[in-house]
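Hey, can you piece these two chains together into the complex? The hints should help.
Those protein sequences? They're chains A and B, same order as listed. Sequential numbering from 1 applies to the first sequence in the working numbering. Sequential numbering from 1 applies to the second sequence in the working numbering.
There could be a bad hint or two in this list.
As the list claims (entries may be wrong) - Rough simulated footprint, nothing fancy, chain B against chain A, three-plus residues with beta-carbon under 8 Å:
id : segment
1  : 144-150
2  : 197-203
3  : 212-226
Rather than coming from a laboratory, the hints here were simulated on the basis of the structure. For glycine and all other residues, C-beta sits at the position ideal for the given N, C-alpha and C.
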Amino acid sequence: MLSRRHRSSDSPGWQEYYTQQARKAGDTRLREFYAAGSVAPQTPIADAPLIALDIETTGLDSRRHSIVSIGLVPFTLQRIHLSQRRYWVVCPPRPLSEQSITVHRLTHSDVADAPDLGEILDELFVSLSGRLAVVHFRHIERPFLDAAIKRRLGEGLKFPVIDTMSLEARRHRQSSWARLRRWLGRPPVSIRLHNSRLRYGLPPYAAHHALVDALATAELLQAQIARHYSPDTPVGELWS
Amino acid sequence: MDVELLEIREHMGRFSPFDGLSEELLDEMVNQVEVAYFKADSVILEAGGKIGDLHYIRSGAVEIRRRNGDLYNRLGEGDIFGHFSLLRHHPVRFPARAIEDTLIYFIPKFIFLNLCEADEDFADFVELGRPRLESAVEKQQKSNNLMTTRVRKLLSRRPLLVEADMTVQQIAQRMSEEYVSAALVITPVEGGEPSFVHETRSWQLQGIITDLDLRNRVLAQGLPAATLVGDVVSPRLITIQSDESVHEAMLCMLRCNIHHLPVLNRRQPVGVLYLSDIIRYETNTSLYLVSNIFNQTDVRGLAALVPDVRNAFAHMVKEGANSMMVGSAMSTIGRSFTRRLLELAEEELGPPPVPYCFMALGSMARNEQSLVTDQDNALILDDRFDPTEHDAYFAALAKRVSEGLDACGYTLCKGDVMATNTRWRQPLRVWKQYFSDWIEDPTPERLLHSSIFFDLDSVHGEEAFAEQLQDLVAAKASQHPLFLAAMARNALNRKPPLGFFRTFVMEKDGKHNDIINLKRRGTAPLVELIRVHALACGSRAQNSFDRLDDIAKTQLLPEGSGERIRYAFEFLSMVRIRHQVIDIEQQQTPDNNIEPGNVSDSERHHLKDAFQVLSNAQKFLKFRYPIPTTRSR
Numbered sequence: 001m002l003s004r005r006h007r008s009s010d011s012p013g014w015q016e017y018y019t020q021q022a023r024k025a026g027d028t029r030l031r032e033f034y035a036a037g038s039v040a041p042q043t044p045i046a047d048a049p050l051i052a053l054d055i056e057t058t059g060l061d062s063r064r065h066s067i068v069s070i071g072l073v074p075f076t077l078q079r080i081h082l083s084q085r086r087y088w089v090v091c092p093p094r095p096l097s098e099q100s101i102t103v104h105r106l107t108h109s110d111v112a113d114a115p116d117l118g119e120i121l122d123e124l125f126v127s128l129s130g131r132l133a134v135v136h137f138r139h140i141e142r143p144f145l146d147a148a149i150k151r152r153l154g155e156g157l158k159f160p161v162i163d164t165m166s167l168e169a170r171r172h173r174q175s176s177w178a179r180l181r182r183w184l185g186r187p188p189v190s191i192r193l194h195n196s197r198l199r200y201g202l203p204p205y206a207a208h209h210a211l212v213d214a215l216a217t218a219e220l221l222q223a224q225i226a227r228h229y230s231p232d233t234p235v236g237e238l239w240s
Numbered sequence: 001m002d003v004e005l006l007e008i009r010e011h012m013g014r015f016s017p018f019d020g021l022s023e024e025l026l027d028e029m030v031n032q033v034e035v036a037y038f039k040a041d042s043v044i045l046e047a048g049g050k051i052g053d054l055h056y057i058r059s060g061a062v063e064i065r066r067r068n069g070d071l072y073n074r075l076g077e078g079d080i081f082g083h084f085s086l087l088r089h090h091p092v093r094f095p096a097r098a099i100e101d102t103l104i105y106f107i108p109k110f111i112f113l114n115l116c117e118a119d120e121d122f123a124d125f126v127e128l129g130r131p132r133l134e135s136a137v138e139k140q141q142k143s144n145n146l147m148t149t150r151v152r153k154l155l156s157r158r159p160l161l162v163e164a165d166m167t168v169q170q171i172a173q174r175m176s177e178e179y180v181s182a183a184l185v186i187t188p189v190e191g192g193e194p195s196f197v198h199e200t201r202s203w204q205l206q207g208i209i210t211d212l213d214l215r216n217r218v219l220a221q222g223l224p225a226a227t228l229v230g231d232v233v234s235p236r237l238i239t240i241q242s243d244e245s246v247h248e249a250m251l252c253m254l255r256c257n258i259h260h261l262p263v264l265n266r267r268q269p270v271g272v273l274y275l276s277d278i279i280r281y282e283t284n285t286s287l288y289l290v291s292n293i294f295n296q297t298d299v300r301g302l303a304a305l306v307p308d309v310r311n312a313f314a315h316m317v318k319e320g321a322n323s324m325m326v327g328s329a330m331s332t333i334g335r336s337f338t339r340r341l342l343e344l345a346e347e348e349l350g351p352p353p354v355p356y357c358f359m360a361l362g363s364m365a366r367n368e369q370s371l372v373t374d375q376d377n378a379l380i381l382d383d384r385f386d387p388t389e390h391d392a393y394f395a396a397l398a399k400r401v402s403e404g405l406d407a408c409g410y411t412l413c414k415g416d417v418m419a420t421n422t423r424w425r426q427p428l429r430v431w432k433q434y435f436s437d438w439i440e441d442p443t444p445e446r447l448l449h450s451s452i453f454f455d456l457d458s459v460h461g462e463e464a465f466a467e468q469l470q471d472l473v474a475a476k477a478s479q480h481p482l483f484l485a486a487m488a489r490n491a492l493n494r495k496p497p498l499g500f501f502r503t504f505v506m507e508k509d510g511k512h513n514d515i516i517n518l519k520r521r522g523t524a525p526l527v528e529l530i531r532v533h534a535l536a537c538g539s540r541a542q543n544s545f546d547r548l549d550d551i552a553k554t555q556l557l558p559e560g561s562g563e564r565i566r567y568a569f570e571f572l573s574m575v576r577i578r579h580q581v582i583d584i585e586q587q588q589t590p591d592n593n594i595e596p597g598n599v600s601d602s603e604r605h606h607l608k609d610a611f612q613v614l615s616n617a618q619k620f621l622k623f624r625y626p627i628p629t630t631r632s633r
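Next comes chain B alone, as it looks inside the complex (with noise of 0.2 Å):
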């Protein structure tokens, strides 16, 4: 292309969708801008008028707004408009105007359109159907996933197998030249038991032995070296399909506590998964965490381990860990530090009198926890629960795993919804009554415990008593149109920014923050808008994607409208994340709030998109639970 135009191609080259275009798509495009400038305060786009070009912003900035007048968008150097009317062949919908000098680069229709015809994900950015929200996410996901990765992928060689007839000394010959911890021990088949074919002949894998094995049931033992291995091989084999997820055998090597895990495909064994690949691979850390928190023997033991906590959290999320895998594992160590500070507590105070439920509230029910936490949490106890003769044990147990909790970084919550209070620390059937009274007479106290109590989740004890709860929740309120108006209202209290100008973070209304809190403006309300609907639905879900996954069993939502709340959903938390390792990173301590400075031009982006997202669910929220005019009850 002319040397002469590199200037224009250039800047374009740096902004979002232009910056993934092919160099000749790129030069295709810059041989036919036009230009034209625009004074401060002059008219861009005239709604109803006749478009033909993408609009580029070289230099200036440029409103847009909505035909009744209110602010649409702020938009500023490298920012586009026009294309939702251009892919429509529409008139301008949303007129625009230069709020200062403005310099306009246009990209003639038939480009445009040849663009997007031809380049996937600049289409995936303009077209309003599929929205480069959901594509970032994708992208974000198809680097690494331990959810989809599979496990034969991280299998590098073919599992040595040994016969049961061979002693534990050529085993151990075998192990050392093949330079493996383990080897997987064959019989051959007999009568129909499950088989495999190996040279030709039928066989059936009787067990697995390790370099421990050979430590423990063979020196330790004394046994001689002619031992024969089908003698001591261990008794419990525990196997995993090749086309498992990567995340299924972490979390069943970290149930049965082994290092080793035979890979099948079918009965065939193809390998031998080393704990080690999956810490090579990822979120290594959190595996080795959550044995570390049952190891230890103290609370200052527990909290020794939070900068491990830290670490786990930011190595999940460098390997590219989507929030869902982030939300699991946090919650997950936040969990295993609830119940082993119970089991000391325990341990101390002797077995507990009546059976109890220690409940997660909040996030770590949801699943959900990201670094900054601080406890929700409550005692359910079995209805035979005396307050005189036990509360001064259960009092004592909650005491000891909130100050326990606090020392271990999950500050004491400022709204006093732990297992401390008295009024948390109840009988199920006065749970039961709270949890009635709540849904059926909402006030906006009672409203604001149902927002904190309706997510709620077993951590230790009697699962059943939460389970009870859950179903108590799930039938009763979609009964309740009443309620569910009630907690719309309340969804729609927060709200999110309009989007981001330069550095700042721009309001409705117009006004410029230099900071915003991601979980306030962004995953919270979210959070509240899904839990409306799953309640609606009578999901006994917790976890926000798989209520979203109950949602769109219904006909609740219009069409496309759940997906795009989940990619929202997903790309605020991923930010609110990553920000939080960048916190980590600069030894700064992690809040949920982001520098819109330090916001990527392509984040930025998506971020607005997010936030449009939010907006018109808040919309729809309130749309379709309308307020009753008869009172239900």
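Here chain A stands alone, though its shape is the one from the complex (with noise of 0.2 Å):
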């Protein structure tokens, strides 16, 4: 409880930082996306415009490596629109390695004739704007669009993220029972999408298609709320 309460209130003051950027980012897609204005943190999770969002990349390090797919699905806690799914493959500035196509399937001939990043982008923030965007494991797409966006706007995006894998740490890796399981010399539960997934008995989809996966993590948020928490829980206690 007291760790949940620290949480929220050191959570970055999302609506402060957006009506910020609004007035100061030079590029007008930015400025239009921060005045669309982020959710308030005390808004109940099942009233919040959620968006999954993942994405595909060259390795793991956002300063050498590249997006080369993103899947959008926009949904809420009673229904994920797939029909309203987004999903672009686009050409990395850097070539891609071999090891990378083993994992996303991507070829090049894929992404050959695919968009640059940049072009796709008035796309992606009408899609993004407004809506609480939803990942597994946020230490991959916010930096990655960051980086991408700022290295072509020359500015970069920030925004709040509800992390699935995050709220499977605070119950598997954080509370008292893991660290027991710890302590005891068991391994840690795994807190990966798939094995998640499983946990909530949702079924195995075949991982590593951004749209697949962003459509993944929606069932998992869904299932990790209707699990662990309740509708009425606001938005400031579940993002980081």
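What follows is the structure in structure tokens.
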């Protein structure tokens, strides 16, 4: 309880940040994005317009690797609107490595004709605008998008996210039960997307497709809220 | 379509009714799917609530209840719900609750209605007006059906026509040139004889000549090669019309013991049907089998045919025969065994001292036998029967038949309903008294007898005896509401299961069974139910489908109900039969049990529907035959 209150008060004042950026940002699209505002932290999760976001990249380092595909699925706690999904394959400025191809199965020929990320930014901002992003493992989506946009517009993009992985981590890594397990020498519970889903009775999906992973993430959040939180939980308690 | 939705597409494409959709429709649907997660024990659809989507269970399990709280159905992965309310634009009637963590895919109403519009099979599946069961049965029969396939379909070539004034040698030459074993002999028409036109002249069909005739009627008789064919042609000419059913042709050849059957279109010969054509087409083995049965000279020979019976059965089923075909073929085989045993007994014991009728009861009488069956039979004796003088003969006769049948795979009746039982070996007047007593004053024991003996048919001997009993039942039963009410109550004893859930059979109380006896829980209660209605409307029919035909001529059943019962009966019978074939193929003793784990996805859906039909029909039965408040006697 204590730690959660801490988190919510420690979380950046996203609304203020958005207002500030709406004034400061140089690029019109960014200004419009910020002007649409952030979801207020006290908004119950059931009322929040959400959007599951997943990107596939050529590697894990946002300074050296780049984005090859982006999947978006708008949703709420009640419904995942697959029909409004967005999916882009984009051409990375740096060549694909063999290693990354085996992970996300996008090949040289797939990306050869794909647009540069810069060309889809308009649509990307429109889709994200006014919605609270949901990702699994925030340390990929946020820095990669930030870096990619900074590279093209000269300024980055920052936004709050609900990270389904850290919600799992709170339960399985930071709880006293998890500490007991660790103390007993048990391996930590896996909080990867696939394994987390299994704990909620969600079906296995083929991983490493940005859109499928976004859908999988949206389903996982619905399950987490249904199992461990209430529809009234303020988003400020969930986001980071 | 976008490959990114393959995950969903592949899943839905594996389950009915989506498995039958065209690629385009499937894509269109998958593109519009919405998703939601429901924790175990949470409500998915509330009674009276609005519904805007077809619900598809991607994972988990859902329970559907009636508004009064009774369990209606339990659904698992790949099942759909909500379609009835959607189709009728009604609020939710049956609330749905997740009983496990469940992921639902929603198909928006407009897509759902589009699918119903665009795909007939899909519409069949989801629409109540035309239950999916019905279309499953139709599909089963469309593929192949001896009853409806016309003879002309089996004709591969035009007949060889030869003139009556040709010599047998010329004809033998023509036959070998044309690779046929039969030729039709024609003569120019004289006067007003039935005729047909061939090469601008009028002809009359005089007969048929076959390889066998050339041997038996020419060579064996020492006739010269110059003999005219008209002089040796068989005077017996049996023909069939080209639009008759293959089944009819088969029976005709069987009845007349012929292997070549000229086929006519009106009077024009259009071909010759060979026994081998039918054999190739289907149920060949049962044909051979019947003639084989009559060629046996002892019980051991008959018993040796049991594997052939199994093969004939399996063959018929695999070739797509419907339950009526299989039932009547198996009953014909059973009757043939019985008749042959009686013939053999008579040969040994001498002719019967008074006339008798050996009657079959139960499934054989109904022409609904399957592979797993015990014997139910009885003897009706002439009224001149004198026990002290004659009974030793009939007791011996009955014993031989019973033991013989037992050796041939028709196990002895556990309830001792066999002609070996003195009680069931009685003169006609005693039988009439039995039947009257049972109808007029039904007791539990008598009701049990009624349900056994009121399916009766003669197998051998004086058919008229059995017919008199059928007449008596038909005339009397409908006049006794108390009897009908009691029979109706009896027919409610065996309840169908709720349906299937995963690899279990679901009972009404929510219990699971891992095996189901399809006869006890399905076909037998339907037979009983149909019998009550048939008795009520004075039908003399013994076969359940024939009875349904008779019932349909009355206003007895609500609109459409008779058809639903027919399809449910056909479906349950076929599943039972098919599972017996599976048992045979796996070299296990065939039984009436099916393991839900072995039931295919679509079969599972249809079985659920069929059980539902049975359950509804039973409810109606109770309502239709109330116990009279004043006794009608």
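In ascending order, which of the hints set out earlier in this document are inconsistent with the structure?
1
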